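Q: All chains should be built: construct the whole structure from the sequences, respecting the hints.
Number of protein chains: 2
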Amino acid sequence: MNITQPAEVEQVDMRQLAVLDAAVSVFARYGFRKASMDEVARAAGVSRQGLYLQFANKEELFRKALEHSLSSQLAAADAALSRQEDSLERRLVAACDAWSGRFVGSLNADAADLMCASTSLAGAALAHYEARFEAAVAQAITESPLRLFCATAGLCPADLASALHATARGLKQSSASREEFLKGMTVAARMFCAPLNQLRSRGTFDG
Amino acid sequence: MNITQPAEVEQVDMRQLAVLDAAVSVFARYGFRKASMDEVARAAGVSRQGLYLQFANKEELFRKALEHSLSSQLAAADAALSRQEDSLERRLVAACDAWSGRFVGSLNADAADLMCASTSLAGAALAHYEARFEAAVAQAITESPLRLFCATAGLCPADLASALHATARGLKQSSASREEFLKGMTVAARMFCAPLNQLRSRGTFDG
DNA sequence: AGTTGACAACATAGCCCTATATTGTCTAAG
DNA sequence: CTTAGACAATATAGGGCTATGTTGTCAACT
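Here the protein sequences come in this chain order: A and B.
Per the numbering used here, numbering of the first sequence is gapless, rising by one per residue and ending at 228.
Per the numbering used here, numbering of the second sequence is gapless, rising by one per residue and ending at 228.
Simulated from the structure, these hints should not be mistaken for laboratory data.
Bear in mind the structure is a predicted one, so any value in this text is a computation, not a measurement.
Glycine included, C-beta positions come from ideal geometry on N, C-alpha and C.
You may find that some hints are simply not true.
Label pairs and their calculated CB-CB ranges [what the hints assert, rightly or not]:
{"no.": "1", "chain 1": "B", "residue 1": "A100", "chain 2": "A", "residue 2": "R123", "range": "32 to 42 Å"}
{"no.": "2", "chain 1": "A", "residue 1": "E80", "chain 2": "B", "residue 2": "S103", "range": "50 to 60 Å"}
{"no.": "3", "chain 1": "A", "residue 1": "A145", "chain 2": "B", "residue 2": "R111", "range": "29 to 39 Å"}
{"no.": "4", "chain 1": "A", "residue 1": "K55", "chain 2": "B", "residue 2": "R104", "range": "46 to 56 Å"}
{"no.": "5", "chain 1": "A", "residue 1": "R111", "chain 2": "B", "residue 2": "M35", "range": "49 to 59 Å"}
A: This is how it looks when you write it as structure tokens:
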């Protein structure tokens, strides 16, 4: 009987994740207030009461859904950053895209409501994941030859990560399509990685 | 009698500019709807009817004020970019600060109203000035040795200008203070200008 | 375990009406 | 040429009130 226990636990987790995925898409589409528990339940393929069996109330559902989304975005960014076979430029673009680009074209008028609810209901988690994203980017830079340039330029990898994050923010705001976002992000990443190519062409590349 | 004519014309322009300056600060403080003509008149030191003698209505006043602000921001950015005694990094930071940094810390809840009014009442002018800002930045890059790097990186100066503009947007949104904005902008500009220093240290600097 | 249907409590959207503020215009006065 | 004061037309803010939608919880059902 112990053998089935882990399977059941995984089952429960899978259910939760599926529900959270549905909640994320519904909240992203309608915002916090205009998204109803009924809509989320229908999107998740469960009954409305099924939601209340897993989450105490709408606020907790939103918080968990937001954290789930942030967590998966961060995981995707981490995965992109750890693709050692790709260039740093490509990894940085992919990481910023995984982190910020997911909902670029799909933001409607309820974006303000979403931001407001996010900061008021899970501001700490939001800041936490943003810090972890920047830390991951900074770590990738630290592990690359670009760290050599940082020192000579009087900067630290965290500064670069923060600046790249700001660029991603700005592009998310001004881009009409994901292609536009990726194009701008590629330009920024290429400029940030320029010292790498210069080092390489000078023969001072040491991995 | 012709001698006094130009002086009078300049007087009128000065008056208009003073009124527009006052209007800009009032609109920036209260947004479009919550700012009253009475408030603008008091800030400008004229009567409410004085405003209607110079501007047909509130919408025209807002449009002219916005264009005046954009024009002066662009002029300040241009001035910063043409300070040949400064490094390109410093000029780019100063230009972005002049363009985007003016109201960084002072944006309140009425920012949405401002953006909405700006795009609906003078969206064309807004886009026009934004394009001119990016063109000015691109021109400064073209006139610098950085243009050499652009070609080798498969980019054009306009791409860099657009990316820098996006960074300024993102920092404007996420920065709590102007110092934070300037710090982030400096990091981005330094990275964008990194190829310059590398070229210089390799002795391939040709002005 | 989850679903269904029902329920009170609460929030929301809409409408109407009122009071107040603001716009845009006019005339008289300095 | 500008201002002050007054004015109708209009926009806005607020209260009350209703209709509708939503939340959170319950018991009965499968």
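Q: Each hint should be assessed against the structure and marked as holding or not.
A: Consistency of the hints with the structure:
1. B:A100 - A:R123: 32 to 42 Å: 40 Å, holds
2. A:E80 - B:S103: 50 to 60 Å: For S103 (chain B) against E80 (chain A), whose Cβ atoms are near 54 Å apart, the range 50 to 60 Å holds.
3. A:A145 - B:R111: 29 to 39 Å: 37 Å, holds
4. A:K55 - B:R104: 46 to 56 Å: Cβ of K55 (chain A) to Cβ of R104 (chain B): about 50 Å, so the range 46 to 56 Å holds.
5. A:R111 - B:M35: 49 to 59 Å: 55 Å, holds
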